[in-house]
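Chemist: In this note's numbering, the protein residues as written are 46 to 190.
No lab work stands behind these hints, which were simulated from the structure alone. Possibly wrong hints are sitting among the right ones.
With a straight-line Cα cutoff of 27 Å, these simulated BS3-like cross-link-like pairs (lysine-lysine) come out [said to hold, decoys possible]:
#: 1; residue 1: K50; residue 2: K121
#: 2; residue 1: K132; residue 2: K77
#: 3; residue 1: K100; residue 2: K119
#: 4; residue 1: K132; residue 2: K100
#: 5; residue 1: K166; residue 2: K100
#: 6; residue 1: K100; residue 2: K121
#: 7; residue 1: K178; residue 2: K77
Okay, the calculated beta carbon distance ranges per label pair [to be verified]:
#: 8; residue 1: E172; residue 2: M46; range: 34 to 40 Å
#: 9; residue 1: P143; residue 2: N167; range: 37 to 43 Å
#: 10; residue 1: E136; residue 2: S56; range: 18 to 24 Å
#: 11; residue 1: K77; residue 2: R175; range: 21 to 27 Å
Even glycine gets a Cβ: it sits at the ideal position worked out from N, Cα and C.
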Amino acid sequence: MYTEKVMEHFSNPRNMGEIENASGVGTVGNAKCGDIMRIYLDIDENGIIQDVKFKTFGCGAAVATSSMATELVKGKTVQEAVQITNKAVAEALGGLPPVKMHCSLLAEEAIHAALWDYAEKNGLKIEGLRKPKSDVHEEEEEIEY
46 MYTEKVMEHF SNPRNMGEIE NASGVGTVGN AKCGDIMRIY LDIDENGIIQ DVKFKTFGCG
106 AAVATSSMAT ELVKGKTVQE AVQITNKAVA EALGGLPPVK MHCSLLAEEA IHAALWDYAE
166 KNGLKIEGLR KPKSDVHEEE EEIEY
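Based on the sequences and whatever the hints tell you, model everything.
Modeler: What follows is the structure, given as C-alpha cells:
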C-alpha cells in the first residue's frame, strides 16, 4: 500500500519539532479525517529558509508528507518554496494511495500557511502565494494525480 520511502519518512521523520520565535508558522487541518499539520519556518534576511520543523497529528501518510515537505523547502528561497505542490511532495515519496493524496495537499497548504504568516509579519507580498485555507475540505481537493 505505501512505498518504502513513505514508510521510511513515517518511521524516521525528518525535522520534527518546533522552532521558537519562528519567522512563520502555518497550521492546517482536515476536519473530516482529523489530520492537523503545523510547519515552522526560520527564514533569513535574504529570504532563504534556514530551518524548518513540523508537528503533525494524523496518520502515517500525514507524518510522511510533513517530513518530506520540510526536506523539500529547507535551503530554498521563499519564492522556490511557494512553487512546491502536493504533487511534488507525493512524487518525492514515490507516490501515495489515492485515498491518502489529501495528506500531500495538507503539506502544501501548511507550507503556504507558514509563508503567509511570514509575509504578514514582515509586510511582504510573495508572488504566487494566496491566502491559505485553515481547513482543507474533501470537496476542495481536486488533486492532480
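Chemist: Taking the hints in turn, state whether each one holds.
Modeler: Status of each hint after checking the structure:
| no. | hint | in the structure |
| --- | --- | --- |
| 1 | K50 to K121 | holds, 22 Å |
| 2 | K132 to K77 | holds, 21 Å |
| 3 | K100 to K119 | holds, 16 Å |
| 4 | K132 to K100 | holds, 21 Å |
| 5 | K166 to K100 | holds, 21 Å |
| 6 | K100 to K121 | holds, 20 Å |
| 7 | K178 to K77 | holds, 14 Å |
| 8 | E172 to M46: 34 to 40 Å | holds, 38 Å |
| 9 | P143 to N167: 37 to 43 Å | holds, 38 Å |
| 10 | E136 to S56: 18 to 24 Å | holds, 20 Å |
| 11 | K77 to R175: 21 to 27 Å | holds, 22 Å |
Figure legend: structure checked against the earlier numbered hints; every hint is met.
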